[in-house]
Every structure is written in C-alpha cells, then in structure tokens.
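Each residue of the sequence shown is one higher than the last, beginning at 1 in UniProt numbering.
In case anyone wonders, no lab produced these hints; they're calculated from the structure. There could be a bad hint or two in this list.
As the list claims (entries may be wrong) - Restraint-style ranges between C-beta atoms, simulated for each label pair:
no. : residue 1 : residue 2 : range
1   : ASP217    : HIS503    : 44 to 50 Å
2   : PRO95     : GLU146    : 46 to 52 Å
3   : PRO430    : ASP346    : 41 to 47 Å
4   : PHE169    : GLU146    : 37 to 43 Å
5   : GLU368    : TRP496    : 45 to 51 Å
6   : THR129    : HIS171    : 55 to 61 Å
A virtual CB, placed ideally from N, CA and C, is assigned to each residue, including glycine.
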Amino acid sequence: MEENDIGALIRFSHQGRLVKQYVGYFPHVNLSASVSPITRTVLKVDLLITPEFVWKDRHHGMSQRWLIIVEDSENDTIYHSELFTLTKKMARGTPTKMSFNIPIFEPHPPQYYIRAVSDSWLHAESIFTVSFHNLTLPQTQITHTELLDLKPLPLSALGNKAYEDLYRFTHFNPIQTQAFHVLYHTETNVLLGAPTGSGKTISAELAMLHLFNTQPDMKVVYIAPLKAIVRERMNDWRHRLVTQLGKKMVEMTGDFTPDMVALLSADIIISTPEKWDGISRSWHSRSYVMKVGLMILDEIHLLGADRGPILEVIVSRMRYISSQTERSIRFVGLSTALANARDLADWLGVRDDGLFNFKPSVRPVPLEVHIQGYPGKFYCPRMNSMNKPAYAAICTHSPDKPVLIFVSSRRQTRLTALDLIQLAASDEKPTQFLSMADNSLDMILSQVTDSNLRHTLQFGIGLHHAGLNDRDRSLVEELFSNNKIQVLVCTSTLAWGVNLPAHLVIIKVT
1 MEENDIGALI
11 RFSHQGRLVK
21 QYVGYFPHVN
31 LSASVSPITR
41 TVLKVDLLIT
51 PEFVWKDRHH
61 GMSQRWLIIV
71 EDSENDTIYH
81 SELFTLTKKM
91 ARGTPTKMSF
101 NIPIFEPHPP
111 QYYIRAVSDS
121 WLHAESIFTV
131 SFHNLTLPQT
141 QITHTELLDL
151 KPLPLSALGN
161 KAYEDLYRFT
171 HFNPIQTQAF
181 HVLYHTETNV
191 LLGAPTGSGK
201 TISAELAMLH
211 LFNTQPDMKV
221 VYIAPLKAIV
231 RERMNDWRHR
241 LVTQLGKKMV
251 EMTGDFTPDM
261 VALLSADIII
271 STPEKWDGIS
281 RSWHSRSYVM
291 KVGLMILDEI
301 HLLGADRGPI
311 LEVIVSRMRY
321 ISSQTERSIR
331 FVGLSTALAN
341 ARDLADWLGV
351 RDDGLFNFKP
361 SVRPVPLEVH
371 IQGYPGKFYC
381 PRMNSMNKPA
391 YAAICTHSPD
401 KPVLIFVSSR
411 RQTRLTALDL
421 IQLAASDEKP
431 TQFLSMADNS
441 LDMILSQVTD
451 SNLRHTLQFG
461 IGLHHAGLND
471 RDRSLVEELF
481 SNNKIQVLVC
491 TSTLAWGVNL
501 PAHLVIIKVT
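Start from the sequences and build out the full structure, keeping to the hints where you can.
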C-alpha cells in the first residue's frame, strides 16, 4: 500500500508516510518449510525463517525472541516448541535455518501448522501450513530376524583346540549360535545387526577363523570408524590372536603407519576408513591390498554420518578390485539393530541367508530405560539440577554396583564428580563409592598426574576424558573394571573405545 493510500485511509494524508514507516517496524517473519520422512512415524522439518521488517534499536533492542510451535490442525496438540532468538544481524533479510524432528501418527492428519509467535509484541504472528497430501512414507515392514530357540553351541563346535583356547566361556550365546554356521562354515557375505553387548565382535572372529582355515595366505581387514575402537581391538586381539595363534597384526590410523614389510607379512590389518581409503587407491602397486580375503566393517550403521561416503568408496573399490583380480572378498558388516537392513544388505551383496537383523530387545542382559526431563534455559544450571537426582538414582538402583555417568564436556566431568562427593558427604558417607584400603589408595594417588582426578579418586569417583594422559586414563579404567571405584564420570569417547560393563548408566543431556 502506498503512502497516499494510507493517508486517504486514515483521512490524514500528511501522515501517510509516517504511518507506513512505523508499520514497517512491526515485527513479521516469513516461514517456509520442507518435510522429509526419517521413519514412518518421525518427520524431519527444515524451517527457513526470513525477517520482513525494518530493525530499529529503539523498538527492537538487541534481539527479539520468537516461539516456534508445531501443532495439529485437528486435535490442537503441540508436537514441538522451541524458542528462537532473532538478532539485529540476522534481521538483514537472510533466511535462518532451523531443523527439528516431529512425530506423525496414523491416521495421518491433512496438515500441521507451524507458528512463529513474538514473545514481546501482540499479534506479531506468522503461520505456515505443512500439507501431508503428497507425503510418501517408508514401508511399514521392518526386516527383523527372529531369535530361534536353539541349544547353545559349545566351543567344541570350532573343531580346533587352539581356537577353543581363545575364549573364556564354554558356549556361544544365542545370537552367535544362530549365525555360527554361516560365519564359520560358508563364504557368504554377512550383515549382523544386534544390540550392543551381544557378542558381534566374536561373531566376526568366527569369519576370521574360517579364513585362517581355508585361505591362510589371505589377509583380514578390520575397519573401525574411530581410533578408540581400533585401539581396543588391537589390545584385545594382541593378547589372543597374536600371542596364542601366532598371527601378525598391524594398526593403520593417524597415529600409526606401518612400513611396507609389516603390511606384506600381516595377517590382520586394523584401520580407520580414511587410512584404508588412501592405501587402497593405489591398489595396482600394492600387492597386500589385492590379497584381502575378508573385510569386516564395524559400526556400519554410521554409514549416514560424516564418514559414510568414505565407507561407501571403500566397499565399492574393494568389490571392483575383487572383480579385476578374480579373487572373492567376503564382507562382514556389524551394526546395531537396523530399520533398513534389507537396503544395506543389498548394497553389501548380502543374500537372505547372510542377513541377521535382530530386534533391539534381543539382549543377553535385559535393559531398562528411564527418561527424566529437566527444565531450564541455561546449560550449566540445568546440568547442575541433574546431579541430585543422579545421586539418588545411584543410591536406589546401584548402591554397590558399577555406575557410568556420561556428560557432554571435560568441565562437566569435574563439576558432576564434585557435586556427587558433596552429596555423599551430606549423607555422612563420603567414601561410600571407594573399595580400597588407605595404603593402596595412597600408592595409587602417587601415580596420578591430574590434580582433579587425584582429588575425586579419594572418594571412589573417577574421571575419564580426552584431557587426561594415557597413564591416568588406563589407571582409572583398571580401577573401575576391578571394582576399586564405583562411579566413573566420563565423556562420550569412553563409550566407543573402552569396554567397561556397568549396572547403571546415567546420561546427562543427550
């Protein structure tokens, strides 16, 4: 509307320009969104917020807050709400992108409404309609392998005394028993999806032992996405496959690059995706790449993460090498339970008899999950508010058994541990998490470099993060695994690289 039209409308023609100017100050944002299905019940929304008003410090200050709401058009249910802060710099017309997930239920509603409501201006509101008329959702059928009621296989099924001596148990667990024949007696590609702690690594070892039996001159390549997992495999297999079976093993990460002689003589190569990608590019001039008989891809469900394209290139290249050299390469993929196992199996060249995708509930040790929400806009006070409930959960659910507490930063490991110490002291049980004699504790504390760790260990609480040196980390892991300390506060890196069983696991802020 032009100035003259506004002046005529208010019957004050001289003020039409001023009114138009002030109308331009009124906050308004334009919304546009695209929706993509993640599963049949979860949608990802990419929302673009474009300011369409003139910013004036006198009226808008340094920032304006908007409440983003997603609601159902039929039953007035709010499925998502989020506070969005629009700053002066962001208000220059450049769209700001927000991404979040929302649920969708059967029967599907015709549309959802996305609203942006100003926190400080009346009637400053924008709305965008998300229509579901042309939305195509994934198939409802998820391929899960039923766990058969089989009698556990004894180790004698390996038919080799040296192989039997590798393991400290007497029988394979139900998942290993069901996959045993395909892994140990065939050349079939395998995709094994099972919950963490169900023995997938031992299942992969069965495929390795089959290669040692049938093609002892061929090599095993184990690909792990993180150096921490590579290090864990190296430590485990060094004591068993190298020492007991006499196999040669090398590590290829950013920290270690073996020489050509070691690679040529190695039976097992453990590598990160990036290193093997670089090595296998010049496969024509590297004979050890052409002598790979088995490739194990651990944590293959991370194919959609940052390193996914590298994994895709590795598998495609190795399959191409196999076709050129006319030597078959067996692929074994290890993963958690998958929603699209059939798609991944087709990509890996896995037939139906090699696909094992067990449900998440199929666990050797039952798992109970409890979720508690805590309000609070600011990060540190919100994290602090979780410490007392965490301490109460330890006293209730795991008073004398190992406890892992995962936090998001090194600083939070220290703050959480200090709060737990204070809460234990208020209960007049300051050393309830400690199971060591004073002389043993003094000897251990004398070996600790980090001052914060030295302090918390006196109360039976350990710290574990990337800021500790290797000696301190190894010491904490040993104390926790031997039940000398009961509580270990750590960052997420511990979950990948160290196998430390716990009765109670607390995750603060996901």
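key: Numbers of unmet hints, in rising order   = 3, 4 and 5
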